[in-house]
Amino acid sequence: MKICIITDDNSGITPIEAKELGIKLLRMPVIVDGKVYFENDNITTKEFYTWLAEDKDIKTSQPAPGDIINLWEETLKEYDQIVHIPMSSGLSESCHSALMLSEDYKGKVFVVDNHRISITLKRSVYDALNLVKQGKNAAEIKDILEKEKSESTIFIMVDTLKYLKKGGRITPAGAALGTTLHIKPVLKILGGKLDAYAKCLGVKKAKKAMLEAVKKELETKFKDVPIEKLDFAAAYTYDIDSANIWVNEIKEYFGINNVPCDPLSLSIATHIGPGAIAIAVSKIID
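The sequence shown begins at 10 in this note's numbering and counts up one residue at a time.
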């Protein structure tokens, strides 16, 4: 059977990368002062962060049901089945909407709810593509991805909690951290939301806290997984120079050579704000 993988651009996958991978990409809307924008289409990164700094009314929205259905219908002209991997149901209603819409496509569209976002969502796409190559059908791929949903972790340092509090994408414990000058909150993705992990004095200590947190995860959660079976990745908002320094620090700390680094999508950056850096580790599904 011909199986197509679909994800949204919260994965950090660009339209060019999607074409190279042979997958389909669902675009997530960003709404600025009531006007709808789409990344890599009618808004630039510079415009977005300028408007964010100007405190314009910036919101995110789930894709329109019609856009999802049109993408599925067009895809099913060429493919027998679809594995649709949206961002975590704990952070967006888009997953629930896709699940409801898929009820009319039984046996053809399988929506995965594996609580992934950004660079870990991207890892799920790679895993799904590998499973397709292994001859798994769409139902099997969905089951495997959901079974392995907890086999990843993300730690992120944000410059401010302002945007997360505004969008409600943070647990009460995370929101209670508070921020003052030089204090950098470190958060962890937990159960689909961002939760408090540490409150650090300065970027240097925040980075150290994240590296030590991942080391602890390697010694506990991933203790039975060989390091070559783990996918390390980094992410950031806006500041590429700081991100490159962060990548080199990750490589040196863990003694690894490959740490891909992606800018967080604009729909995620809406809730994170500029100046964030993140590290993720995911188990690679064989």
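Hint data in this document are derived by calculation from the structure and do not stem from the laboratory. Using N, Cα and C, we set each Cβ at its ideal position, and we do this for glycine too. A couple of the hints might just be wrong.
Unchecked claim - Below, simulated DSSO-like cross-link-like pairs (lysine-lysine); rule was C-alpha separation at most 30 Å, straight line:
| hint | residue 1 | residue 2 |
| --- | --- | --- |
| 1 | K171 | K117 |
| 2 | K65 | K28 |
| 3 | K260 | K145 |
| 4 | K232 | K292 |
| 5 | K158 | K142 |
| 6 | K217 | K158 |
| 7 | K68 | K197 |
| 8 | K158 | K174 |
| 9 | K158 | K55 |
| 10 | K65 | K86 |
| 11 | K11 | K292 |
| 12 | K142 | K230 |
| 13 | K44 | K11 |
| 14 | K217 | K232 |
| 15 | K158 | K208 |
| 16 | K86 | K208 |
| 17 | K86 | K117 |
| 18 | K224 | K214 |
| 19 | K33 | K11 |
| 20 | K55 | K68 |
| 21 | K86 | K33 |
Stated by the list, open to error - Between beta-carbon pairs, the in silico distance windows are:
| hint | residue 1 | residue 2 | range |
| --- | --- | --- | --- |
| 22 | T53 | E83 | 22 to 30 Å |
| 23 | D89 | K158 | 20 to 28 Å |
| 24 | I236 | F47 | 35 to 43 Å |
| 25 | K117 | L30 | 17 to 25 Å |
Checked hints:
{"no.": "1", "hint": "K171 x K117", "result": "violated (41 Å)"}
{"no.": "2", "hint": "K65 x K28", "result": "violated (33 Å)"}
{"no.": "3", "hint": "K260 x K145", "result": "violated (34 Å)"}
{"no.": "4", "hint": "K232 x K292", "result": "holds (11 Å)"}
{"no.": "5", "hint": "K158 x K142", "result": "holds (20 Å)"}
{"no.": "6", "hint": "K217 x K158", "result": "holds (26 Å)"}
{"no.": "7", "hint": "K68 x K197", "result": "holds (22 Å)"}
{"no.": "8", "hint": "K158 x K174", "result": "holds (26 Å)"}
{"no.": "9", "hint": "K158 x K55", "result": "violated (34 Å)"}
{"no.": "10", "hint": "K65 x K86", "result": "violated (41 Å)"}
{"no.": "11", "hint": "K11 x K292", "result": "holds (26 Å)"}
{"no.": "12", "hint": "K142 x K230", "result": "holds (28 Å)"}
{"no.": "13", "hint": "K44 x K11", "result": "violated (38 Å)"}
{"no.": "14", "hint": "K217 x K232", "result": "holds (21 Å)"}
{"no.": "15", "hint": "K158 x K208", "result": "holds (27 Å)"}
{"no.": "16", "hint": "K86 x K208", "result": "violated (51 Å)"}
{"no.": "17", "hint": "K86 x K117", "result": "holds (11 Å)"}
{"no.": "18", "hint": "K224 x K214", "result": "holds (15 Å)"}
{"no.": "19", "hint": "K33 x K11", "result": "holds (14 Å)"}
{"no.": "20", "hint": "K55 x K68", "result": "holds (17 Å)"}
{"no.": "21", "hint": "K86 x K33", "result": "holds (13 Å)"}
{"no.": "22", "hint": "T53 x E83: 22 to 30 Å", "result": "holds (27 Å)"}
{"no.": "23", "hint": "D89 x K158: 20 to 28 Å", "result": "holds (25 Å)"}
{"no.": "24", "hint": "I236 x F47: 35 to 43 Å", "result": "holds (38 Å)"}
{"no.": "25", "hint": "K117 x L30: 17 to 25 Å", "result": "holds (21 Å)"}
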